[in-house]
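Peer 1: These protein sequence lines map, in sequence, to chains A and B. The working numbering numbers the first residue of the first sequence as 13 and each following residue consecutively. The working numbering numbers the first residue of the second sequence as 12 and each following residue consecutively.
A portion of the hints provided could be inaccurate.
[Said to hold, decoys possible] Distance condition first, Cα-Cα at most 27 Å in a straight line; then the derived DSS-like pairs of lysine-lysine: (1) B:Lys491 x A:Lys218; (2) A:Lys317 x B:Lys491; (3) A:Lys317 x A:Lys218; (4) A:Lys306 x A:Lys317; (5) A:Lys183 x A:Lys317; (6) B:Lys442 x B:Lys373; (7) A:Lys218 x B:Lys281.
[As the list claims (entries may be wrong)] Here chain B is said to cover these stretches of chain A; the calculated rule only asks that three of the stretch's residues, wherever they fall, bring their Cβ under 8 Å from a Cβ of chain B: (8) 65-71; (9) 153-167.
Derived by calculation from the structure, the hints in this document are not laboratory data. In this text, a Cβ means the ideal position worked out from N, Cα and C, and glycines have one as well.
Each chain, letter by letter, is given below.
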Amino acid sequence: MLDLLRRAQSLAALSGILVLAILISPVASDGSRIFLQPGNLTDILRQISLIGIIALAMTFVILTGGIDLSVGSLLAISTTLTAMALTRAWPHASYTSHILRAILAAVAVSTLAGAVNGAVISALRIQPFIVTLASMIGVRGLAKWLSSNENIDIGFGRDVAAEFAAVFRQKAIVIGSYACAAALFWILLARTVFGRHVRAIGDNEKAAEYAGLPIRGTKIWVYSLSGLLSGFAGVLYAAENHQGNPNAGVAYELDAIAAVVIGGTPLTGGKGSISGTIVGTLIMGVLTNMLRLKNVDSNVEMMIKAVIIVLAVAVQGRDSDK
Amino acid sequence: MAAPLLEARDVSKRFGGVAALRHAQFSLRPGEVHALIGENGAGKSTLAKILAGSVKPDAGRILIDGQPAAIASPLDAQRLGIGIIYQELDLFPHLTVGENIVIGNLCFPEGRLTSPRNVDAFCRPFLEQAGLECGARRMAGSLSIGERQLLAIARALSMNARAILMDEPTSSLFDDAAERLFGLIRELKDRGVSIVYVSHKMDEIFRVCDRATVLRDGETVETVEVAATNAGEIIRLMVGRNLQIAARPYRRPLGEVVLEAHGLTSGKLKDVSFQLHRSEVLGVAGLVGSGRSELGAALFGLDRIRAGAIHLRGSPLQPASPRDAIRRGIGLLPEDRRLEGLMMRMSVIENSTLAVLARMQKLGFIRRRQEISALGPVVRQLALNCPSLASPAASLSGGNQQKVLLARWLLLDPDVFFLDDPTRGIDVGAKQDIYRIIDGLAAAGKGVMLVSSELPDLLRCCDRILVLSNGRLTAVYDAKEATQETIMASATSFGPHMRKPVKDAP
């Protein structure tokens, strides 16, 4: 019951912001509100997709009581590797096989990095904050080193890289990927043994140990999933920006964490939902769009977001149950 | 006779719904060592903390030198010359010995910058008096437990305390360190310092105390001159006369041996050997800190086993983790259901099926219908009372929370159950239900080990009762022959000079 109320709370916040966005939206020459134009609405969805995808796995990480600061760097290594593989490797492969191999290689590396995060956290019992802070720094360094600190451009010609970008920057593909990932992760959390274990560990890790749950394995999987989705977001980033940029994704971890927290998952873990995180991501996305349509200074935009984050958590925190 | 140095009149205190103290009386003469004694939960520590100002009483008065005194904080107590040494030894491990003594100390002139030399000079005499042979600049965290105890005493002395309260000071000491402490207590007494000695160890009372006040269920039973009484008398006062115990309705013949420990030694346990049979309820009696929970921890793969062997169904068992122990067929119901047992934000059904999800899934997906149908009979068996199976565990009463946790183990259905104080803090009705479940487990051929702080529980449920004291097995009783007095005597015996249980005429 409380859970329902809390979910309703963040939904109410989203509706409020939507209404506000519609009310203050500039009006186009034909009299319609620009905010409500289909192009604008799908733009919002496209813009939130990358952070949204990362935030899905971040929800799992935070549910276990952990944190993953390395997601931005994992996105960077993936986007760099994607561009490198497309422009420099496998010159004789067919387009399809070349693109698939590039994506697989990039996502595999970031997933592996996530698995290493999880293994170090659970085997050495070092705080997730410290471990993922270290890999945030180290993986960023790796990305810059591999690319000699240069952007690897994906051209607009007719080569395989350009083909890749043309396909994976389409709105339908980007938004569709986010929708599919969201559905999969919602099912994973709500319906599977793994999801139940994730919540149990975050609720009471000591009791989870006494109940004989596979704590190490679950944590390794959770951080691997975070690496997987960050890597996939990196692939989309490369297509959208026509380049592999080793400096991409700076501060993405903070946006993802903000979305999770606004969505009702406390940093202590144990409770929360994928639907909440999606609502949290939408709140941030609509807010950004609304302010940009009004030409609000981007620095002011940051200040307003800061207030929204604190307000959202303050409203949810009132009925803390410990 | 002079007015008592420190007196408590009609002091009452409730914690939530539990009355910790009810009109307790206590009076401390100048220069005496006065024991506060009682079972776990009798209110000893609460009374000591009220006298030291760290807990506020709900009702009653505290008098010092016959005058009403307001002790609202530990600082007030310090001004009035009352020092306390907590069971947990509240020291700052990252400060030096000297800093630990002067911090918050009204007798140390503070205000300006303090040089380490000033601290040294201030502390030296008190360290000498306490017999702590170390420099004032050593880090407190590097001291042994015994040395920390002495540091806490030096701190109390430096505050010019006329009365020092010691809350179970030997609970973490080895025999030689305890010996030194007794010597120090005698010296302090010769110097006119009064000491309140909170303990439940009978032999210590007889060695160092002049008088003893016995508490039971938060009430003062009696204050006795130690020289004019004996251990049996004090135990009778502690346990009380209400010995109406319903015995287990019928007993089954014991089955084969299912669990056997030989010379089991862990961080806390020393050379513990026993056998557990199928259809047997084997009680484990002992005070808090006696090693009774650590016995479960060793069997369940939580504590490392240093020596000795465990055999489960005849094959050797060296559990590496709870997960391992569960796989081999041991279930442990932990002592603290909030911290070690339940996921408070998860629902009744999620908590119950947590350990057996592997049986209720297909390709990793939970089969909810199977979950509900498996839980149904267990809920009826336990007489679990909850608004819905989807309500969070936090919303249930203590007794029903305990039943949810029991449901987890009933569903898992191990061969050996180790139930650590399952009736702690739950109401009478729920207690009866849990008795019934324990009887049922034995009837189904399980081996059950039952830890309880409440002796009537053990006498009601068990076939045999192991008694632990200070990590050692001090006695094994047939439950038909044991009484609360004999068990308590074995549980309070401590050290080699009191190995044999005290037998008293009824």
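Peer 1: Between Lys317 (chain A) and Lys218 (chain A), does the CA-CA distance stay at or below 27 Å?
Peer 2: The hint is violated at about 36 Å.
Peer 1: Below or equal to 27 Å on CA atoms is what counts here, so check Lys183 (chain A) against Lys317 (chain A).
Peer 2: Given pair Lys183 (chain A), Lys317 (chain A) holds - Cα atoms ~25 Å apart, limit 27 Å.
Peer 1: Need the status of pair Lys218 (chain A), Lys281 (chain B): alpha-carbon distance at most 27 Å?
Peer 2: Answer holds: Lys218 (chain A) to Lys281 (chain B) is near 26 Å, not above 27 Å.
Peer 1: Is Lys491 (chain B) close enough to Lys218 (chain A), meaning Cα to Cα at most 27 Å?
Peer 2: 38 Å, violated
Peer 1: At least three residues with a C-beta closer than 8 Å to a C-beta of chain B: is that true for the region 65-71 of chain A?
Peer 2: violated (count 0)
Peer 1: With the threshold set at 27 Å, check whether the alpha-carbon distance from Lys317 (chain A) to Lys491 (chain B) stays at or below it.
Peer 2: With Cα atoms ~71 Å apart, Lys317 (chain A) and Lys491 (chain B) exceed 27 Å; violated.
Peer 1: Please work out if Lys442 (chain B) and Lys373 (chain B) have their alpha carbons no farther apart than 27 Å.
Peer 2: At roughly 37 Å apart (the allowed maximum being 27 Å), Lys373 (chain B) and Lys442 (chain B) break the hint.
Peer 1: At a Cβ distance under 8 Å, does chain B reach at least three residues of the region 153-167 of chain A?
Peer 2: n = 0 at 8 Å, threshold three: violated.
Peer 1: Please work out if Lys306 (chain A) and Lys317 (chain A) have their alpha carbons no farther apart than 27 Å.
Peer 2: 15 Å, holds
Checked against the numbered hints above, the structure breaks hints 1, 2, 3, 6, 8, 9 and satisfies the rest.
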